[in-house]
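Sequence order for the protein chains is A and B.
Using the numbering used here, you'd call the opening residue of the first sequence number 1 and step up by one each time.
Using the numbering used here, you'd call the opening residue of the second sequence number 1 and step up by one each time.
Because the hints were derived from the structure by calculation, they are not lab data.
Computed from a predicted structure; not experimentally measured.
Ideal Cβ placement from N, Cα and C applies to all residues, glycine included.
Among the clues, some could well be false.
As the list claims (entries may be wrong) - Straight-line distance between alpha carbons at most 20 Å, and here's what the computed EDC-like set of lysine to aspartate or glutamate pairs gives: (1) A:20 - B:300; (2) B:225 - A:93; (3) A:66 - B:502; (4) A:66 - B:454; (5) A:66 - B:452; (6) A:73 - A:93; (7) A:90 - B:300.
Said to hold, decoys possible - Listed below are several chain A residues computed to face chain B (Cβ distance under 10 Å; list not exhaustive): (8) 22; (9) 24; (10) 29; (11) 30; (12) 33; (13) 212; (14) 216; (15) 325.
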Amino acid sequence: MKKLIYIFLCLSVIVSSCRKPDEFSDGPDLYDVYGDFEIYSPLEGSQINVDFASGETVFFNCELSKVVNWQLKITGSNSGAEKIITGTSKTLDEEVALWDGTTTSLPIFRVENCNVELSFLTNETDTILSTSVFVTTPKQNDGFVITDFEEGWDPNWSTFVQSGKSMDFGIKLDGTAPQLARYYNMAGTVDWDWLTGMIDFNASAFGESTMSLSDNSDNLYFNAFVYGDPLYPNSRILFRFDEDENLDGAFDITNEDSFGYEIIINWSGWKHISVKYSDILSANNSSGGGVHNSDKLNRVSVLHLADPNSGYAHSAIDYLIFTENEPLRP
Amino acid sequence: MRCFLIILFSVFSSGFAFSQNGKKVQFVGGARSLNTLAELDSASTPKRSGGYALLDLGIKINPNSNTEVMGMFRINNEYGGFWGAGVNIDVRQLYVRGVANDIFRYQVGNIDYKLTPYTFYNHNQDILTSSIGTLGIREDVFNYETFYSDNTWRQQGASLNFGLELPKVIKDIEVNSFISRLNRSDFNFVLDRFFGGGNVVINKDDNLEIGLNHVSIFDLAGTAKTDNIYNNNVSSITFDYQLAKNNFVYGIDGEYGVSSLSQSESPEDSLTDYFVHARSYINFDSGLELSFGILDNGADYRSFGAQSRRVSFNQENNFFNRYMDLTNSTEVLRPISLFDMYNDPQLYNQGISVGLMDHNPIISSVLPYGIASFNRQGGYFGVIYDDPKEFFDLNGRVYLLSESRGQGTLALKSFLMSELVATLHANKLWKGKKEFNIQLSHNHQQTTRNGEFDFESVDFTTNQLNIGMEYEVFEDVYLMGNYLKLSASGNDQMPIRNSEDEIINYENFLVDGHESLISSGIKMSFSKKSYLAIVHDRYQYRFSQITHEYDFNQSSVVYVLKF
């Protein structure tokens, strides 16, 4: 009998601990999801002018009657740069519709007026709300810029271009650069060799024998903007990184490390590529031991390659920059 | 008071014996060959053939009587591979285990571990019916591949177990602990993440057992350049109190505890809740066992050691992953079906997953995370009958549950789930020597919700039926057959969650269809550990609201050897 009382007491405690239903619910109200769609307040930016370089951001406000999938598209009126922000909510605010000056597809934004369009991914409306914001200063990126070609040719750089047909290697200023105004074009036909041309960016351009980079190769990212020509999808680019490990002012291929990162350009237009420095593979059988010493980088070379049987090849590069902690967010 | 330590080979991890046959080195492992010809009627290339032969070769070394070192290598050769092409060599298992100072039992490397159903447990949420026959062969394969045994999860880490005996106070105390690493740092934004815990199980006497359990998933500060430390802690008390009478045993058992989930940089998003689960039972000597249980799992109860799912539905199929949408001649992704879950071990999760994994309401909607599902309260009734004459076995359970917190509305969903497995050993009827086993397994799930508005209404029903048969026509030669059918109809408002597992929207999930499999085969057993089977499957997918219908036929030759 005593044991039965124990069991009864235990069950009573357990039953009494079962809760009453909560008087609130999880997630958005179903009425906000399945009710009628209405726009309660127009699309507005938090400010008319924005100075991204000084750390400012801009966010957009809009009140809706229900939760919908929406897309905010910001387009640079001069550059054509695009930033796409998507979300699912009934309110656009600082939490879900914040723009920090970054771009979704190259080019990057300039000093320009930007058109902002809000569209809704629902069958209930085809309304597009719009506003505008003026970028007084574009976003500045932290990092070590090897070059963005805006200062023209540096005499400390060196170059080699094959004597093929229609060779066109050089800095261009034609309004199509993904960052500011200038980029480096690489094009031509070489029917005897994969290499069509190359350019060396030497540390001497900075007045040093090595580039001023972090020694943590696991934390360092190499970034570049690379152009793919839809008419000539046969280009490859090899980025080569030569280290001066004994700090004698020069790279020695026989006992110092060279690392190579080759990309096959199978896209159209400008694309941001990024790679962690420690992930780049050896290009000379680890002659220097195979350890990535990013703080001893003596030279970055860009080699434009194409199958000699494939005819004319065309690509371009811009904005070569090392960033720490994360890939560049252009 | 005398107190001394004993070694307890507890049930919390797999048992083993050290070199009992005196051999210093033993070879263990298995081999398997699978060759398949499959045809999917609307794929761009409808027929595919393939297969593999693999060998798992394990070497157990006993350098002394208290230590065992085990390394198992897998050599996998795809059919058609030649001179090394298509051949993979992997390390499948690696561990060291033993007994230190004749007191502490340890294991380092691969450990298969579990604690309690609410703290650390590998629930089976998706294969809800039991299988003999051809599907039993497939279950054997994916259980072997995924290391799912006895509801343990395979971890890479270390475990330590020992026992205390206090004869004048209590019967004994078992202490079990483990630690494993879930992911490693990237030195920037991802910290080293560990999963550790343990329990103390006190056996007061033969009648009362009390356990104190704690597990924690935690980030190790300083292993990356972020201070955003993640923590998921679960603590619980388990109990089992039973009494024996002349011809039956009765008692109560259960688990009660609390969980918390937090990230240091967003304390406002922390979740804390409790859970309680208690069951009373009575077991008769006649083989009949009855039980009645209640549970209340809070809406914010999070325990990823127990809520990690075996199958994530946020992935693509590996076999015929795309097929043609005949309405517009475009290729579409083929969703993971119940048949795929029997066919492809690669769909299964191999470890603890932090965060709520996607589930498929067609397959599991009432308890998508097993008994550790959050936001469930109610009761259940269970019956088990194990015929002493081994003619008939039955295992059934009925759950009546509801939400404790609504999703998007204060109206609560109600759940009904019944599960039944009945096995008939028909040859016992006529005392035949050749086996003839028939198994019926059924799972019914129903979700309903009434509300003020039409869009609140939910009425969703699923049924899984699995009939299996094995008949020994000649000695060690079996004819096998299975009929598997999964049907679902109705609508449910499925929550869509963001990366923080917060509900941000709902999907009006609406289906009315089924998938079915008729499978037949023959199995020749060469010994208890080896057999050859030839299996033919005819499968139909008829959930036209999800994606277009297709038929799938498959013939397989399977050879399994264990040593």
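ask   = Which numbered hints turn out to be false for this structure?
value = As far as the earlier hints go, 2, 7, 13 are violated by this structure, in ascending order.
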